[in-house]
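Participant: Residue numbers (our numbering), protein chains in the order written: chain B, 1 to 479; chain P, 1001 to 1479.
The reader is advised that the hints may include incorrect statements.
[As the list claims (entries may be wrong)] A partial selection of chain P residues facing chain B, derived with a Cβ cut-off under 8 Å:
#, residue
1, L1072
2, P1104
3, F1127
4, Q1129
5, A1138
6, S1244
7, G1247
8, R1329
[Stated by the list, open to error] Here are the simulated SDA-like cross-link-like pairs (lysine to any residue), alpha carbons at most 20 Å apart as the crow flies:
#, chain 1, residue 1, chain 2, residue 2
9, P, K1401, B, N332
10, B, K361, B, K400
11, P, K1361, P, P1075
12, B, K170, B, V159
13, P, K1102, B, T139
14, B, K361, P, R1027
15, B, K400, B, D358
16, P, K1400, B, K118
17, B, K102, P, P1075
18, B, K102, P, V1101
19, P, K1361, B, Y97
20, P, K1028, B, T139
21, B, K118, P, P1075
22, B, K28, B, S341
23, P, K1402, B, T139
By construction, these hints were calculated from the structure, which means they are not laboratory data. The C-beta atom is built at its ideal place from N, Cα and C for all residues, glycine as well.
2 protein chains.
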Amino acid sequence: MAANTRLVEPITLKGFQDFLPEDLLPRKRLIRTIEAVFERYGFAPLDTPALEYLDVLLGTGGEGTNKELFRLESPEGEAIALRFDLTVPFSRLLAQYPDRVKPPFRRYAIGPVWRADKPGPGRFRQFVQCDIDVAGAATVAVDAEVIAVMGAVMDAAGVSEYCVLVNNRKLIDALLVSCGITEITRQKHVLRVVDKLAKVGLDNVRRELGEGRIDDSGDPIPGVGLSPEIIGKILAFIGLSAPSRRGIIAQCSENLPESPLVQAALAEMNELADALDALGVAEEHARFDPSLARGLDYYTGPVFEMILPSAPEFGSVMGGGRYDGLVERFVNRPTPCTGMSVGLDRLMAALNHLGLVDAEKTPVQALVVTMGNVPKAETLRLAAELRAAGICTEAFFASKKKMQMSNQLAHADHCGIPVAVIIGEDELANGVVSVKDLRAGKVQREGIQDHDAYREAGKAGQVTVARSDLVAAVRALLQ
Amino acid sequence: MAANTRLVEPITLKGFQDFLPEDLLPRKRLIRTIEAVFERYGFAPLDTPALEYLDVLLGTGGEGTNKELFRLESPEGEAIALRFDLTVPFSRLLAQYPDRVKPPFRRYAIGPVWRADKPGPGRFRQFVQCDIDVAGAATVAVDAEVIAVMGAVMDAAGVSEYCVLVNNRKLIDALLVSCGITEITRQKHVLRVVDKLAKVGLDNVRRELGEGRIDDSGDPIPGVGLSPEIIGKILAFIGLSAPSRRGIIAQCSENLPESPLVQAALAEMNELADALDALGVAEEHARFDPSLARGLDYYTGPVFEMILPSAPEFGSVMGGGRYDGLVERFVNRPTPCTGMSVGLDRLMAALNHLGLVDAEKTPVQALVVTMGNVPKAETLRLAAELRAAGICTEAFFASKKKMQMSNQLAHADHCGIPVAVIIGEDELANGVVSVKDLRAGKVQREGIQDHDAYREAGKAGQVTVARSDLVAAVRALLQ
């Protein structure tokens, strides 16, 4: 086909990933684990298309998103784009199907999202999010359930050391109002600066809240222009810490002036603490942290972020919060919503780092190997028999030069197939098959230098059985 | 948020689908069924990104594809597009990772593909394909395995009446050469015409093989310009039929002149028949059909198409064949490949039509319902207890006006949740809970007109148990 044409370079798009079986099998297992947790907490699955109208994704008021989109045109010439998250499509759905999707509604969605960001190590332009959201319930009891799900995913993934940091937009709003910062763009500016705490450090946050600073590249970063006294108040507040959720609430109460706003925020945090207790969420697994400012310009109530104390370099592997305004992009009907998103790629990387991912190279359990002039039909018959018994079986067929026994066993080894079923002319004539445990042979051979001893060890775990005992013999080896 | 901005219309992109839980749950079940079959036949999963370089998808020689693509630009300004199938990305992979993906290699891939075609009933611009492919084995024994997988998917989906139509590009080539049609564009023209048989009928095929015809719209369709004698030969050949695979081979043998090409093609069909027999594929489940011309301009050996005799209106729900040249777009290394693709959306529609899809509205098994002034923490504790026992549980929280008992039970009913756990102030005071089988109540109430009788019937299947017996009582109802 390509004889007269230039070859195409076989490469993956920049910022995108291919998953070979050994990458994909643990991912699929993790997705199934997450799905099971989501369903246990009462969530039902939903799926929406990869592409959406640009208006749906961005809104018409320019509130939009700071995410970079993959934009294109529909065949009808409309502006469309690949979705950048699963939350906006969920909001569209809530507005679009009022008769089928009635609040209270809990849904989970697992699928790829796309961002045309600059890719980097561990940062991809297509990545999978696993989301839960609850629509139609304003109570923070539901936020507590979302936090409990975040922990349950970690438990199910085998992680014991994890912590959901929890803050509340209302608490920060109360703080800002008490500091006389009431204008919304100014409030958001403060939140953006506080959100940089981990990245730029306390001193730089102090400067950015004040007169601004010059960054490393020499560019000026304009400041919010707050007085040192107000800055002191804000920094004291975000520095609060205590060993328990109620301890933090008490400290917040001491550090904020009495006002209806403050009282409401504290009452909500108390209610959240009650609900977390009722759900059995341990103190060390969900901590109130007034410094958490992630997405506070977007969320309207509690916000959550999952960190791994034993693998802090992976940052936030899940995050979420309450967003009570998004559905109003589509319909004039208040729809309180809360939810969270698991970054599957980042979580997978963290689990790998923590040694919590069982290697799995293939689902294939047996390879039927053929020697000499055994008809292909014999190979196929053996494979069919094993498959009928529910054993995942590959029949080896390749180019002629790869049909040697050593090639066939090397193939099984390369793919990680544990059992080989061998039929040669002798076996065929005698109505028997040989069944070989490839893991056993491998272990036996390890470290052996002597050639004959190596060969002998390679025969370990090999038995010859009657044709009629094939399935039983393979099952015995697989156990 | 939307107070000062125009509302966005909440609509799905033209030609795209949303899947609500009752749509998605059976789809997910079917995907798991298909995955299990693929793994049983020795295939391992692979995944590639949604986007590819345009060159990768189309080749540089213009051989390309007749599919309409969703094209866009990468952030780096390169020409890219959404993938239109899973086969081209697989070919790229084979060329890209020679050390990790060594032939013989069997992979399956399940995922969305995109085509910017005109949408219509049952035709979508994003749809899911479930593909298997085998690389590195030229023997038709592997084609037989692919055909066996097609049948095994149908068996697993509960379909008994199905048939894989099988033809062979080599057989048609032998026919064409024997008719003196040796030029490749002329050969492809003949194949395209023959492929229209089901759509336009025998007479129109005859005209298009000859002088051409005027179609319904008055447009001229140019003909291939064959003589009546040659046309007769071709039509006789594609009209061949017999009750068995070997019967067809015998008829082909009679209808084709002796030549090395013909002998090779017939030998291959005989080998395929042997392999299908060895795999236990019944005659009625895989039939040789010389009229099948699907994709014959693309495939290089056997071609397959799955039809459902009891639901012919769904057309081909799976299709595939041998394509030995595609990998050579990327690398000068012959890599024989064969495979097939399940059109998940079309198969799902056919299964629905055949009544083979069990309805499933939600994975949620129990709804914890609260009445009166019961603290939310009680609801959460009950839910946590059920979840700890592995029961998928939703705790009901909604806006205040929806917190009435009737709303809560209507919600369970709407979502299809089978069991309600009820805790009111009395239950709380007495250390008990009520557990209600919502399906039983529904059945009991059916057809009852009298109001009191209706209420009484609604209590059917409701029991009050000690708090400590909650899990056991719910389990009993779920069985």
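Participant: Among the hints numbered above, which are violated by the structure, and what are their numbers in rising order?
Facilitator: Violated hints (numbers, rising): 3, 4, 6, 7, 10, 11, 12, 13, 14, 15, 16, 17, 18 and 20; every other hint is consistent with the structure.
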